[in-house]
Amino acid sequence: MSDKNWSTASQFIIWFLIVPPGMFYFLSNQMPEELNISYLFLFIIFSMLTTLFPIKLKGDPITLVMWVTIPAFLLYGIAIEMIIMQFAAIAILFVSKGTIQNKIQRFLINSLMMFLLSIVSAGAFYLVGGQVGSTDFWSLLIGVSVYRLIHTAANIGFIKFYLQIRGMKSLYTKKDIGYEFSSIVLILPLALTFYFLLNLVGAPSFLLMGVPFFLTIFFIRQYGRSEKVNEYIKSVGEIGSSLSVLTDVDQVTEKFIMKSQELFNADIVFLFNNHNQWLELDKAYDKPHLLPKDTHSIRLGEGIARMVLSTNEPVIYTKSNDFKQFSISSVPDEIESVLCIPMTHNNQTGGILLLGSNRKSAFKDYHLKILELLGSYYIVALEKARYVTEALLKSERCALTSLYNYRYLEDRLHYEMERMQKKDIEDLSVIMLDIDRFKVVNDTYGHQSGNDILKELAKVLKGVLPEDGTVGRYGGEEFIYLLPGFSKSEALEFAEKLRETIRQHTFSIIPDLSSDKRKIEVNITTSIGVTSAPFDTDEAMALLRNADRALYIGAKQAGRDRVAVYVK
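According to the working numbering, the sequence shown is numbered sequentially starting from 1.
Hint data in this document are derived by calculation from the structure and do not stem from the laboratory.
One thing to keep in mind: the hints can contain errors.
Unchecked claim - Think about it this way: if two alpha-carbon atoms lie no more than 27 angstroms apart in a straight line, the pair counts; the simulated DSSO-like pairs of lysine-lysine are:
1. 255 <-> 234
2. 364 <-> 287
3. 255 <-> 384
4. 517 <-> 488
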């Protein structure tokens, strides 16, 4: 038997040995001589409604059920109060979250706690001279005040003791305890007014007290909901600001996924990209971390996501039975709630965002609007990041070959030279290569064919690029390698292999100067110059001049299709 099952069983045994016998004793010995059944029924209804619709102050629940149980206690004594409190414990089942087993455990502990609190509070009431049925205001005020104070203190102590024996951290802070005791100021006037009104006008008191009380609760809850929505909107604005400063597309998406999970306390978050009505998983979060794209188990909600894509309408499901039929068979059993929206920009659906939770009713209707607002911030931030990335590529890359351009190579050369001077690397070599007789290629086959050769050569150069190295187009048909950590001899060896690789590579072109547009194959050769720092120089631009000198004097003038090293 697992620890969890043992815990449930042990709690049931303790509850069974205390609560049912105790209730039987008090119902047998403490029942009032006269009992208005309709009053009892209304007390039970009021207590359950109060429990079902709690109010919260800054996220902390305030216990108000005693505005009902205290008048019942003052009218009929402890036995009736116990009955009403046990029904309140049952009502807690409907508002508590978690598995069936967790709900059973919560009922057992709440039922036991309420039973014991009834005894302790009533005992304190009697000790200070309180009398059930009395109409003396001051004696009742003292007795009920002590009753409520002892009830609150015992409740806090009971919960702390329970958590301690379970090895769990206490949930109560000084602020929580302050809220509990401050609620006494709210409960006492309500309870005493209700009690004296019952003595004065009877049954209409339930209407006179119940209507304003529950209307007040309704408006407080509505206000609390609007406050919560405002907090969400504020959080969304902060998230949007943090996304807008990022310029990397992947960073924007990852932060958006993580912040969405955090904001809605989701257990899974999936972002799908829309490619011509085909959804491709872009990013996936499965608590507690991001998962790689190729995670095969992450297919949850695919059916829901496709349905949202086809309708372009957001959906929200509060329990698994509502969406299982829309999802494929691999949906994890623990997912109970789903929130899914289309990511729309300029009337185009670029993707689908799906959030899932293991809790029932985890998402509310207003969460849809909040998530859509967050999604709009994400789309704007993503477009900005893409624009910045494209602009950066245009400023750093050659448009024809997609290799780095001269501007970037020059900056990178200075950076690598600084690394060498700081002793982060020992050597820095530069290789400059030029296509032999490239003008003849252009004149023979046309400039478009020449461009095709340059693009294919760029792929060859990138294909053999060493780790930490950089390759770029220096200009025209000239290319440069920056090789940090390569000595002059190592760079020479690499250059020889590179020259031979290019020499043996066959380039396919379609001559644009010929009327016969058939593909032909050509070969080219290259001349290469090699220089190295600090062996040849310790200046960045001198390295380029040295490589250029080695290329043209040592290789070109010596017959082409060869490698030459710079010689001082």
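Hint check results:
1. 255 <-> 234: 17 angstroms, holds
2. 364 <-> 287: Holds: residue 364 and residue 287 sit about 21 angstroms apart, inside 27 angstroms.
3. 255 <-> 384: Roughly 15 angstroms between the alpha carbons, so the hint for residue 255 and residue 384 holds.
4. 517 <-> 488: 45 angstroms, violated
Going down the numbered hints, you'll see the structure goes against just number 4.
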